[in-house]
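A.B. asks: The residues making up each chain are set out below.
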Amino acid sequence: MSAALVGRGRRGAAGPTAGRRLLGVLAVAVSLVWVFPVYWMISSAFLPTNELRTSEPTFFPSRAGWATSGGCSPTRRSTPPSRSPWRSRGSPWWPRSSSHSSPRWR
Amino acid sequence: MPAPRLSTAAVAPPAPPRAPVPVPPAAPGTPPARRRAPFRSRMGPYLLLVPALAAIAVGLGYPLVRQFVISFQEYGLAQQFGRPAEWVGLDNYVALLTDSYVWAVIARSIAFCLVNAGLTMAIGIALAVLMTKVGRAARVTLQVGMLLAWGTPVLATMTVWQWLFDSQYGVVNWLLAEPLGMESMRYHSWLIEPLSFYGVATVIVVWMSVPFVAFTVYAGLLQVPEECMEAAQLDGANAWQRLWSLAIPMVKPVLFVVALLQVIWDLRVFTQIHVLQRAGAPTRETHLLGTYIYSLAKEFSMAGAMATIMLVITLALTVFYIRRMLREEQL
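Going down the list, the sequences are from chains V and Z. Read in this note's numbering, the first sequence has 74 at position 74, and its numbers run on one by one without any break. Read in this note's numbering, the second sequence has 111 at position 111, and its numbers run on one by one without any break.
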């Protein structure tokens with residue numbers, strides 16, 4: 001790593017200067033902008049549809065959203081859903097036992 | 001009897017000069033063996049090239065040739081169902097190149113490509129320089145953010161971006177209306193106007209391509225020798241001069257290759273435009289070359305001709321870079 005380019009050469013011992021700290025803040029701000037869509041993807045995955053489709057966006061899912069992440073939003077279904085699409089089509093190819101009655105990823 | 005001995009002499013390449021020495025008793029068998037060994041060693045490299053060449057010929061060459069052939073034929077639905085294709089010469093090209101709409105698409109694509117490649121390069125280089133200037137914690141944060149953006153699958157990010165720019169529930173409209181007080185943007189539709197459609201597409205494409213440029217240029221900047229930078233510093237060059245007159249010229253080959261890739265990638269952009277079009281944009285007004293060729297796909301001959309035209313445009317846009325790259329490789 002080229003120390004002169006990094007600007008660490010002499011000032012390393014004296015700690016970061018104000019200018020460098022400002023650049024650091026800028027770098028963190030840019031990374032926040034870049035990461036926001038990815039964050040939004042993940043945070044939306046934890047929201048039920050009725051909270052997703054509001055005029056006020058929810059930036060931080062407050063309730064533990066694990067139970068809703070499988071698509072069981074109260075607006076759409078009132079009964080516990082059978083999470084997998086191929087399950088509703090007749091009998092499954094695997095033996096239906098008690099251990100399979102609830103999906104493992106619940 | 002001579003046959004096995006002959007084959008051992010020919011098959012053992014590690015010691016070709018020594019192999020004939022124990023053999024002399026079988027004098028009649030040696031001369032052909034000795035003559036064949038150099039031929040084999042001459043053919044060796046070409047034999048090793050065959051698998052790669054075959055893969056390229058099958059994977060890249062055949063579709064290219066087929067596209068080229070089809071573009072000179074009448075190849076519509078009937079031909080796809082088995083009717084023999086007729087040769088029509090340059091008719092497809094004439095039909096396409098006399099259509100003003102095709103020229104509009106070409107102009108739009110080139111403008112989109114240049115704007116996107118330029119923005120991507122500028123932001124990418126700026127972020128690469130920023131990475132070299134900041135401390136470790138800030139740099140790692142920036143790199144992780146970039147990697148997340150770069151590593152997410154294109155279609156997944158397209159879904160999120162569509163959702164961000166949604167006219168009713170989108171975060172962008174909410175941000176503009178609530179904290180920034182622009183009530184008229186509350187239910188603004190970003191995709192309905194071609195210009196703002198391309199604006200959204202530019203934001204997405206730049207967001208996706210900047211990480212690659214930033215990382216590559218950053219890696220290049222790390223290779224700039226420390227002594228040169230220090231010598232320039234001792235000579236009184238300030239940080240800006242060191243960057244512009246020393247570091248950037250030294251990583252120029254890297255910048256060239258990255259810029260070339262950006263131009264090619266941004267000219268043939270397809271996924272982002274196609275998904276955004278399906279999100280509710282007027283298709284005809286927002287076609288770029290990639291999506292236009294896709295929309296012609298019922299007529300294979302027209303699509304082939306258009307793809308060939310696009311290939312020529314790509315080569316024309318990049319011939320300057322390629323010539324320069326080849327020249328630098330020779331030096």
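Don't take each hint at face value.
To be verified - Distance ranges between label pairs, derived from CB positions:
no., chain 1, residue 1, chain 2, residue 2, range
1, V, V28, Z, G199, 49 to 59 Å
2, V, F60, Z, W103, 45 to 55 Å
3, Z, Y46, V, V28, 51 to 61 Å
4, Z, V69, V, T58, 18 to 28 Å
5, V, N50, Z, E86, 25 to 35 Å
6, Z, D235, V, F60, 49 to 59 Å
7, Z, R66, V, F60, 49 to 59 Å
8, Z, P249, V, N50, 34 to 44 Å
9, V, N50, Z, V58, 50 to 60 Å
Claimed, not checked - Not the full set, but computed from the structure, chain V residues with beta-carbon under 10 Å of chain Z:
no., residue
10, A18
11, G19
12, R20
13, R21
14, L23
15, S31
16, V35
17, W40
18, M41
Source of the hints: derived by calculation from the structure; they are not laboratory data. Glycine is no exception: its CB is placed at the ideal position from the N, C-alpha and C atoms.
A.B. asks: Now, for every hint given, state plainly whether the structure supports it.
C.D. replies: Hint-by-hint comparison with the structure:
no. : hint                       : verdict
1   : V/V28 / Z/G199: 49 to 59 Å : 26 Å, violated
2   : V/F60 / Z/W103: 45 to 55 Å : 50 Å, holds
3   : Z/Y46 / V/V28: 51 to 61 Å  : 55 Å, holds
4   : Z/V69 / V/T58: 18 to 28 Å  : 56 Å, violated
5   : V/N50 / Z/E86: 25 to 35 Å  : 59 Å, violated
6   : Z/D235 / V/F60: 49 to 59 Å : 52 Å, holds
7   : Z/R66 / V/F60: 49 to 59 Å  : 53 Å, holds
8   : Z/P249 / V/N50: 34 to 44 Å : 58 Å, violated
9   : V/N50 / Z/V58: 50 to 60 Å  : 53 Å, holds
10  : A18                        : 13 Å, violated
11  : G19                        : 9 Å, holds
12  : R20                        : 7 Å, holds
13  : R21                        : 8 Å, holds
14  : L23                        : 5 Å, holds
15  : S31                        : 3 Å, holds
16  : V35                        : 4 Å, holds
17  : W40                        : 6 Å, holds
18  : M41                        : 4 Å, holds
The structure is inconsistent with the numbered hints 1, 4, 5, 8 and 10, although it conforms to all the rest.
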